[in-house]
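**Q** Residues in the sequence shown are numbered from 2 upward in steps of one, following this note's numbering.
Hints may contain errors.
Said to hold, decoys possible - Taking lysine-lysine pairs in the DSSO-like style, the calculated list, with each CA pair at most 30 Å apart, reads:
1) K28 / K79
2) K179 / K217
3) K213 / K179
4) K91 / K213
5) K4 / K217
6) K105 / K36
7) K210 / K196
8) K217 / K75
9) K161 / K91
10) K79 / K105
11) K79 / K36
12) K161 / K79
13) K179 / K161
14) K4 / K158
15) K158 / K105
16) K179 / K105
17) K36 / K91
18) K91 / K75
19) K217 / K196
20) K161 / K105
21) K217 / K161
22) K217 / K91
23) K161 / K75
24) K36 / K217
25) K4 / K28
26) K79 / K179
27) K161 / K202
28) K91 / K105
29) K4 / K210
None of these hints come from the bench; they were simulated from the model.
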Amino acid sequence: MGKLAIFGTSGFAYEVADVAVSMGIEKIILLTNEKDFDNVDERFEVLHESEVSNLVEQGYQFAMGIGEPELREKVFNKFNDLEYPNLIHKNASLGYGQRELINKSQGNVITAGVAMTNNIQLGNFCIFNLLSTVGHDCIIEDFVSVMPSVNISGNVKLEKGAYLGVGATILQGQLDDKLTIGEGTVVGAASLVRKSVPSYKIVVGSPAKILKDISK
2 MGKLAIFGTS GFAYEVADVA VSMGIEKIIL LTNEKDFDNV DERFEVLHES
52 EVSNLVEQGY QFAMGIGEPE LREKVFNKFN DLEYPNLIHK NASLGYGQRE
102 LINKSQGNVI TAGVAMTNNI QLGNFCIFNL LSTVGHDCII EDFVSVMPSV
152 NISGNVKLEK GAYLGVGATI LQGQLDDKLT IGEGTVVGAA SLVRKSVPSY
202 KIVVGSPAKI LKDISK
């Protein structure tokens, strides 16, 4: 894997580029959907997403440099026939057999300092930010976003599009009754979740309580 094009030009896109650089990827381009943009910055060339077909012909693979779950899904639905490798920073820590499990999925981004133990079932297009941890026997569905320094204990299920804010802690569930964060639910920064949360809620605090519903 020598060429990578990253959807997005925000700060997180550059963090994804950092992961790619750590993996030895030599040619990195950022992609934007903006009509007016600078095509070169100090670090990477920026192209419009209309160039995707040309990049495919040149042998590029692709990645999501987008933090918001719904936007990642929107981009994937628009460009669902591309090759999206998993990007794993060289300084991430993976338990026995975990890399093989991750390789069954696509488009995940695992940044520096992330620690995953073992038997974690991972969906597609999830992001795990700096120094986040994931315990044993977790199930993480598609398009989940885990922000920096989040701690996810064992036997937790994160449903599609869940978003865990900076420093949130999710306490342990049981093997046959996992603590579940529902689809599209947002856990606020530094919150402590002790029990399952339904879909499309915002929860905050320690212990976390439902603040409001999210419109689907």
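**Q** Now, for every hint given, state plainly whether the structure supports it.
**A** Okay, the hints, checked on the actual structure:
1. K28 / K79: holds (24 Å)
2. K179 / K217: holds (24 Å)
3. K213 / K179: holds (23 Å)
4. K91 / K213: violated (39 Å)
5. K4 / K217: Violated: K4 and K217 sit about 36 Å apart, past 30 Å.
6. K105 / K36: Given that 30 Å is the threshold and the Cα spacing comes to 36 Å, the pair is violated.
7. K210 / K196: Since the Cα atoms of K210 and K196 sit roughly 10 Å apart, the hinted pair holds (cutoff 30 Å).
8. K217 / K75: The given pair, whose Cα atoms are some 14 Å apart, holds under the 30 Å limit.
9. K161 / K91: holds (27 Å)
10. K79 / K105: It holds: about 22 Å lies between the C-alpha atoms, which stays within 30 Å.
11. K79 / K36: Distance of about 17 Å is within 30 Å: holds.
12. K161 / K79: holds (18 Å)
13. K179 / K161: holds (15 Å)
14. K4 / K158: Not OK: K4 and K158 at ~34 Å, beyond 30 Å, violated.
15. K158 / K105: At roughly 18 Å apart (the allowed maximum being 30 Å), K105 and K158 satisfy the hint.
16. K179 / K105: holds (22 Å)
17. K36 / K91: violated (35 Å)
18. K91 / K75: Between K91 and K75 the Cα gap is close to 29 Å, so the pair holds against 30 Å.
19. K217 / K196: Cα-Cα ~22 Å, so holds.
20. K161 / K105: holds (17 Å)
21. K217 / K161: holds (13 Å)
22. K217 / K91: Violated: K217 and K91 sit about 37 Å apart, past 30 Å.
23. K161 / K75: Since the Cα atoms of K161 and K75 sit roughly 14 Å apart, the hinted pair holds (cutoff 30 Å).
24. K36 / K217: It holds: about 29 Å lies between the C-alpha atoms, which stays within 30 Å.
25. K4 / K28: holds (5 Å)
26. K79 / K179: violated (33 Å)
27. K161 / K202: With a Cα-Cα distance of about 13 Å, the restraint between K161 and K202 holds, given a limit of 30 Å.
28. K91 / K105: At roughly 19 Å apart (the allowed maximum being 30 Å), K105 and K91 satisfy the hint.
29. K4 / K210: violated (44 Å)
When the structure is compared with the earlier hints, violations turn up for hints 4, 5, 6, 14, 17, 22, 26 and 29 and for no others.
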